[in-house]
Amino acid sequence: MKTICILMLATAAILSPAKSAAADILIENVTLIDGDGGAPAPGMFVLISNDRIASVADRPVEAPVGAQRINGEGKFLIPGLIDTHVHLRGAADPGKKGAKADRKTARQALSSYLYSGVTAIYDAGNDPDLIFSLREEERSGKLAAPRIFATGGIVTYPGSHGASPYATLVDDWPEALPLIAAHADRNPDVVKFTLEERGWGARPLIPFLPVDLLQRLIEFYNDRGIRTTVHTSSELRAREAIYAGIDTLAHPVIQGPITDDFARLMGVKKIPMSSTLTIGENYSRLAEHPDYLDQPLYRAAFSEKEIEALKTTTRKEYQERSWTWWMKIMTPIAQENLRKIHSAGGVIALGTDQSNGPAVHREMELLVAAGIPPLDVITIATRNAAIFLGKEKDFGSVKPGLAADLVLLNADPSVDIDNAKDIAAVIKAGVIIDRSSLDLAGVAAP
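Just so we're aligned, residue 230 is where the sequence shown starts under the working numbering, counting upward by one.
In case anyone wonders, no lab produced these hints; they're calculated from the structure.
Errors might be hidden in some of the hints.
List time: in silico DSBU-like cross-link candidates among lysine-lysine, alpha-carbon distance up to 30 Å [said to hold, decoys possible]:
1. K628 x K325
2. K545 x K557
3. K628 x K333
4. K534 x K371
5. K622 x K371
6. K325 x K534
7. K329 x K534
8. K329 x K499
9. K333 x K371
10. K545 x K329
11. K540 x K557
12. K371 x K557
13. K499 x K557
14. K620 x K371
Remember, it's a predicted structure, so these values are computed and weren't measured experimentally.
All chains should be modelled from the sequences, with the hints used to inform the complete structure.
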């Protein structure tokens, strides 16, 4: 059997990530963080056969003839990271006649996720033609990308939050049936609704989806085996969605502190809640501390031109927006709400509401800053995120039978979550990704 050092992998072992066939791989003597909340386990042996984890053992195992061997000594193996709230860049501007989707931008954004160790994403609202075609390319092996799950267009009430030209707008029952049937025919993985009577921040009141109609919509999609999620930002609307039968929540409560009773409710119901702290915090972060864009993961995700524009034009816009400073005040409230729900036994799932891989690492940092231990944050970013998607029996943990979506790290993320950025290798569906060959907007670190 061929022995391969993870830092000097042979070219034959890492083919084009969109075309490679999975092979047998044995990761030896590695410290395992399984994603299920267990303490780091040193001296573990993980065998990958085709696209699945074949065995996990605390002693040497016999690998098939010809298997690749990876020396995991001094390294740490975690499940692939998952982002449960993405809006992938590249959608065509529906307000411009004849506008076309920028598929190159979309592909580069997808590459930034793989480069950052993210092996699955859920797009929570986009140009349906773009996102569903990318999903098909990824699933057929034609596109180097994380696993793509999507709603396509969101489903909401006319004039409500998210009522874009890409949305399916419903205002009555059963008149809505032809519209939502057409939406369901595109096989969305998780359908997203909005239940928001205000635009975010200090915007005026807007129409919103009646709760009885929301309940009918949830039942319609659930009857077809399709999970649901909902945009809410207040405890009141989150409760209404829960009582209507929603499967997941697309955001934390950010409009104010939650009650202890709501934290207990989330602990009992185990309804996954996407964390999405990064989207609000990003405004003041860029306005006040733009140097974060010099980190290697950001340098890979964005071109020099994009970074320069972010540091100048976009930064100035953010500094002048009242929204930026409102979100700086409200984000710590959302952090504390998430901590309380986590402490009560609720299921927090990592989500960013952004379109780049590095944001996933920032989200983990913000969750740790909220008072959640790093080891728990790894579970939030892996197993819990898979639960959000209804895919915990397919991936999200390191256990036999699950998909071999893994990240090998050079340092221990349970000690310092920043160590999750120190990536030695990314494995998706049993294939070692050649991170240097990904179609990135920026430049991969040497």
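Now the hints, each set against the structure:
Our distance criterion of 30 Å between C-alpha atoms is broken by K628 and K325, whose separation comes to about 48 Å. At most 30 Å may separate the alpha-carbon atoms for a hinted pair to count; K545 and K557 meet this at roughly 16 Å. Our distance criterion of 30 Å between C-alpha atoms is broken by K628 and K333, whose separation comes to about 35 Å. The straight-line distance between the Cα atoms of K534 and K371 is roughly 28 Å, inside the 30 Å bound, and the hint therefore holds.
For the proposed pair K622 and K371, the alpha carbon gap of about 25 Å is at most 30 Å, so the pair holds. Simply put, K325 and K534 have alpha-carbon atoms about 24 Å apart, close enough for the 30 Å limit, and the pair holds. For the suggested pair K329 and K534, the alpha carbons sit about 22 Å apart, so the restraint of at most 30 Å is met. Between K329 and K499 the CA atoms are separated by roughly 41 Å; this puts the pair beyond 30 Å, and the hint is violated.
For the hint linking K333 to K371, the alpha-carbon distance of about 14 Å falls within 30 Å, and the restraint holds. Annotation: proposed proximity of K545 to K329 holds, straight-line Cα distance about 29 Å (limit 30 Å). Using a Cα cut-off of 30 Å, the hinted pair K540 and K557 holds, with the two alpha carbons roughly 18 Å apart. Only pairs whose Cα atoms come within 30 Å are accepted, and K371 paired with K557 is rejected, the gap being roughly 41 Å.
Simply put, K499 and K557 have alpha-carbon atoms about 28 Å apart, close enough for the 30 Å limit, and the pair holds. Between K620 and K371 the alpha-carbon distance is near 22 Å, which keeps this suggested pair within the 30 Å criterion.
Comparing the model with each earlier hint shows violations of hints 1, 3, 8 and 12; every other hint is respected.
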